[in-house]
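Put chain B on the given structure of chain A with help from the hints.
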Amino acid sequence: SAAAPRPWKLFGAMCLLRLPRITQPLEKVEEEMAALMEQIELEKSHYSDHEMRKLEEEEQLQRKKESLYDEDEARGKVILAQDLEEKWEQKFQQFKAAPRITDADKSNDRTSLNRKLDSNLMLLVKQKIGNQDLWLLPQVEWQPGETLRSTAERAMATFLGDHIQAKVLGNAPYGIYKYKFPKAIRTENNVGAKVFFFKAFLQSSDLSQAELKADCLWVTKKELGDYLNSEYLKKVNRFLLD
Amino acid sequence: SCSSWLPQRVPLRGSHWQSSLLELRTSLPGRAQPKKKKKVDVKKEQAQKERMKKKLRKLEKAAPELIPIEDFIAPLKFSESNRVRSLPALSPEESERRVLLLKKWCLFKQKQDEAEKKAIKALVESQQEALKELRLESEELYEAAIRRDEELFPFEREGPTYTPPLPGYDPPEGKCIDITKVYTQ
Numbered sequence: 001s002a003a004a005p006r007p008w009k010l011f012g013a014m015c016l017l018r019l020p021r022i023t024q025p026l027e028k029v030e031e032e033m034a035a036l037m038e039q040i041e042l043e044k045s046h047y048s049d050h051e052m053r054k055l056e057e058e059e060q061l062q063r064k065k066e067s068l069y070d071e072d073e074a075r076g077k078v079i080l081a082q083d084l085e086e087k088w089e090q091k092f093q094q095f096k097a098a099p100r101i102t103d104a105d106k107s108n109d110r111t112s113l114n115r116k117l118d119s120n121l122m123l124l125v126k127q128k129i130g131n132q133d134l135w136l137l138p139q140v141e142w143q144p145g146e147t148l149r150s151t152a153e154r155a156m157a158t159f160l161g162d163h164i165q166a167k168v169l170g171n172a173p174y175g176i177y178k179y180k181f182p183k184a185i186r187t188e189n190n191v192g193a194k195v196f197f198f199k200a201f202l203q204s205s206d207l208s209q210a211e212l213k214a215d216c217l218w219v220t221k222k223e224l225g226d227y228l229n230s231e232y233l234k235k236v237n238r239f240l241l242d
Numbered sequence: 001s002c003s004s005w006l007p008q009r010v011p012l013r014g015s016h017w018q019s020s021l022l023e024l025r026t027s028l029p030g031r032a033q034p035k036k037k038k039k040v041d042v043k044k045e046q047a048q049k050e051r052m053k054k055k056l057r058k059l060e061k062a063a064p065e066l067i068p069i070e071d072f073i074a075p076l077k078f079s080e081s082n083r084v085r086s087l088p089a090l091s092p093e094e095s096e097r098r099v100l101l102l103k104k105w106c107l108f109k110q111k112q113d114e115a116e117k118k119a120i121k122a123l124v125e126s127q128q129e130a131l132k133e134l135r136l137e138s139e140e141l142y143e144a145a146i147r148r149d150e151e152l153f154p155f156e157r158e159g160p161t162y163t164p165p166l167p168g169y170d171p172p173e174g175k176c177i178d179i180t181k182v183y184t185q
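Which chain is which? The protein sequence lines are A and B, in order. For the first sequence, position 230 (counting from the first letter as 1) is numbered 230 according to UniProt numbering, and the numbering increases by one without interruption. For the second sequence, position 17 (counting from the first letter as 1) is numbered 17 according to UniProt numbering, and the numbering increases by one without interruption.
Note that these hints are calculated values from the structure, not bench results.
Lysine-lysine pairs mimicking DSSO-like chemistry, simulated, CA-CA at most 27 Å apart:
id, chain 1, residue 1, chain 2, residue 2
1, A, 235, A, 194
2, A, 178, A, 235
3, A, 221, B, 109
4, A, 222, B, 118
5, A, 221, A, 234
6, B, 121, B, 109
7, B, 103, A, 28
8, A, 178, B, 121
9, B, 118, A, 194
10, B, 121, A, 194
11, A, 128, A, 222
12, A, 9, A, 213
Far from chain B, by Cβ distances over 10 Å, these chain A residues were calculated:
id, residue
13, 79
14, 86
15, 103
16, 126
17, 128
18, 185
Some but not every residue of chain B turned toward chain A, in silico, with C-beta under 7 Å:
id, residue
19, 87
20, 126
21, 127
22, 133
23, 144
24, 160
25, 163
Glycine included, every Cβ here is placed at the ideal spot set by N, Cα and C.
So here's chain A without its partners, still in its complex pose (with noise of 0.2 Å):
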């Protein structure tokens, strides 16, 4: 149908979030109480069997130091329940976890998706708007014939290639960021633009294979003050989970 064209540009935007690998931190009231949860279900519990084998063992050795009884009991079990504690012990302590703090952390190398581990990273590009390089989720402007999801998924592919494995959530956008251009620019039939915002989650964990096309970053909700002016950081946050 024929209807007036409308003033405002549209954009279809894409949050992709690297999601966490690691838990978070408890905080001391969660520590607290998991510790008094163990506390109550060793109270509530009765010996299990090796318990009960560790304290029969000890007996053992109680009634060996008072009399000696050594030839009845001595045809009893050759490993203890202790010795067997000891070897279970030691071999937890020579397995050697991967750091939860990682080199890109310490480094603060925010180019990185190895960082930050316990909290969700979103993508960050630099773009050219208007006259000026800003650092903004990437986004491209909506052309007839498509959705705004593919749009969406399309600014995704520019800037990352086409091999990136993303699960985009649902059909509808996640929030709106509306404005009007400088009035240098403005016209009664290009008024300003509106930006849709998608999300999707990071599936594969290696973009060493994609191709990227500008500066990326990738940075987790507090680091993106430092990068999004005001406004658009307000409409971001709406729709960003801790």
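Frame of chain A; chain B shown alone:
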């Protein structure tokens, strides 16, 4: 052909049975003794089959037994008295500390829940505003946006672990033998 030699009790379906019976009656020779053996055997077999069918029907009618849930039945050897743990009683300071901690926890969880609800509300509001603005622009795009995404569910995701995966880690070898009992109805 001896299978078509049926006693009169069986209902005759269709005229082809009738004609075959008639044919047989005219063609059987008159030998009494062997004929009786066959008759009696077949009759006995029929009676046995009927009895088996009746038993099956009775079993099927009885309500199916409930499958016991192994986890809910505590083995008796764990309820013996020598298994009871002997620990010193709780001091009044300790019980006081526990009660206060539980109250603090209650408050903490309440605040956490409220924050979550507030965040979800903000999320929904943001989406509603975006859809409203979209509708002002184009009805077609709005319709495309509110359409259900069929590929979204089933949605699977692995949760976070305490430490990140160790690159190049070779887990120790071992075999896991599953001994869960499987019950059939």
